[in-house]
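Asks: FYI, the numbering used here numbers position 10 of the sequence shown as 16, with every residue one higher than the one before it.
These are calculated hints, taken from the structure and not from any lab test. Bear in mind the structure is a predicted one, so any value in this text is a computation, not a measurement. From the three backbone atoms N, C-alpha and C, an ideal C-beta is built for every residue, glycine too. Don't take every hint at face value.
[What the hints assert, rightly or not] Derived Cβ-Cβ restraints for the label pairs, each shown as a range: (1) Ala-50 / Phe-23: 33 to 39 Å; (2) Leu-43 / Phe-20: 32 to 38 Å; (3) Val-46 / Met-21: 23 to 29 Å.
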Amino acid sequence: FEYRAVPMAVVAGFMVFGEVPLPIVWAGTILIIGAGLVTVWREAHNRNA
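Start from the sequences, fold in the hints, and give me the full structure.
Replies: Here you go:
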């Protein structure tokens with residue numbers, strides 16, 4: 007669950023300090039979330055095989 011640290015830090019920075027993330031941060035967040043979703047999907051798929 008450590009992969010959630012970066013997206014959560016972005017959200018916390020926005021809520022607490024009003025920081026607006028750069029586009030590269032959004033791209034990285036999307037990649038991290040996407041990788042987590044792919045991992046969950048693959049694990050579920052491997053259990054059914």
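Asks: Confirm or reject each hint.
Replies: Hints, one by one, checked against the model:
1. Ala-50 / Phe-23: 33 to 39 Å: Cβ of Ala-50 to Cβ of Phe-23: about 37 Å, so the range 33 to 39 Å holds.
2. Leu-43 / Phe-20: 32 to 38 Å: The hinted range 32 to 38 Å is violated for Leu-43 and Phe-20, with Cβ atoms some 22 Å apart.
3. Val-46 / Met-21: 23 to 29 Å: Distance hint for Val-46, Met-21 holds at roughly 26 Å.
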